[in-house]
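Residue numbers 167 to 597, in the working numbering, belong to the letters of the sequence shown in order.
None of these hints come from the bench; they were simulated from the model. Treat the numbers as computed from the prediction; the structure is a model and nothing was measured. Yeah, the Cβ is synthetic: ideal placement off N, Cα and C, and Gly gets one too. One or more of the hints may lead you astray.
Unchecked claim - Simulated pairs of lysine-lysine, PhoX-like, Cα-Cα distance not exceeding 25 Å:
{"no.": "1", "residue 1": "K392", "residue 2": "K337"}
{"no.": "2", "residue 1": "K337", "residue 2": "K322"}
{"no.": "3", "residue 1": "K221", "residue 2": "K197"}
Stated by the list, open to error - Just the calculated beta-carbon pair ranges, DEER-fashion:
{"no.": "4", "residue 1": "K197", "residue 2": "S227", "range": "18 to 28 Å"}
{"no.": "5", "residue 1": "E250", "residue 2": "L314", "range": "41 to 51 Å"}
{"no.": "6", "residue 1": "Q253", "residue 2": "S227", "range": "25 to 35 Å"}
{"no.": "7", "residue 1": "R254", "residue 2": "K197", "range": "15 to 25 Å"}
{"no.": "8", "residue 1": "A381", "residue 2": "A448", "range": "40 to 50 Å"}
{"no.": "9", "residue 1": "H389", "residue 2": "V469", "range": "24 to 34 Å"}
{"no.": "10", "residue 1": "S241", "residue 2": "S169", "range": "19 to 29 Å"}
{"no.": "11", "residue 1": "V469", "residue 2": "V382", "range": "15 to 25 Å"}
{"no.": "12", "residue 1": "Q454", "residue 2": "V382", "range": "25 to 35 Å"}
{"no.": "13", "residue 1": "A338", "residue 2": "G284", "range": "50 to 60 Å"}
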Amino acid sequence: MDSLEEDLTCSVCYSLFSDPRVLPCSHTFCKSCLENLLQVSTNYSIWRPLRLPIKCPHCRSVVELPPSGVDALPSNVSLRAIVEKYQRDSEPRAPSCQEHRRQPLNMYCVQDRQLICGLCLTVGQHHGHPIDDLQAAFVREKQTPALLLARLSEQKWSQVCELGEQLEQEKARCDALLRQDRQEINQFFVSLEEVLARKKQEYLEALSEAAAEVAVTYDPLIHRVKELQEEQLDLVSLGSSVEEEDSPLVFLEKVHQFRDRVEKFIRTPLPSGINLSVTPRAATYLQQNWPAVTIGSLEQAPVPKLRCCTRCDGGIGTETGAEAEPPVTAAWDRWRRLQPTASVALLGLLLLLLAALWANPVGGASLGFSLLSRLSQLAQSLSGSLVTSVRDTMEAECAEMGAAVQRWGSQLSVLRDRVVQQVALQLCIPT
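Make a model of the complete structure from these sequences and hints.
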């Protein structure tokens, strides 16, 4: 239909053809459009007065019209008929029945209050219903809108408006509650994140302190080992240079210096191997202590104090758990706790030995050596959990005590002999 309408449109006024006329060039235009063009052409033309020139708007060719003008042009009858038929078909048609196609709705069913067609009344679902013609139904229902509007009272309008306002207020209240809840949720989880971040920072600081302790423990040893490596490399280089020396005097002098340095290097003790055990381990500690932590007790969630437990001479301890106390640390703790008692016991033992030596120097000395040997055996049979340095210290102290007792025994024997001699001399002098 759109392409047909374009074909039925005048190219001058862009409307449907009105009284279409044909120019000698076979192009068709509205009569009124040609008259306007002819008037414009006549005003600016020097054409012969008996002929009226006009330029075709489509092909731009100049044609001559008779003196009578546009009325002398033939009318396009076929095109006019097509335009009139198109206009008739374009007019709105009466609605058709949806159930019976192409049947106009020309009757009104009073019972169902709807438009029907003839087939609906005779064979359709409206068979036997009272009907009325469209005009009578239109007149009868003409007053219905006014009656219906009268039923819409002001009270109903006010109720509807009031209900609308209440709904708007309730919606605003719910939106405010939701905004408040959203703020509280954000604040709650932000506080949780802050607490977790603080706990994380505390744990990381504990790890940093442990790392610093590890560095303090190992860095001097590593530095010392590197110095020994450099010293050995220097000795190797010096030995090579000594071997290449040809002068006997210089060679002997260098060999003597080289021998002293080598012997000194060999006598230099190596640093004791140290194995640090970091306790408690993070994964085990978190698995043991943090599952029971609730959100309410998150502030009191435990953060461990990391310890680096040392064991010398390359000894490697076996950890039985993240919270198990290392054997070396436990041994040192027991040794510190036993120090006062051990001091008192050693003092009492020393007094006992002195008394025995005063009474019987030989027997006291043997008794002292016996007790010292027992004490040495006791020190050697200490639990394997004590570190070697503690055992060595006790053995050295026992050895020193044995030597001191021996010296004291000899001195007491000499003193006793002198006292006996003095007493005998006093007894032998006559009065």
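Flag every earlier hint the structure violates by its number, smallest first.
1, 8
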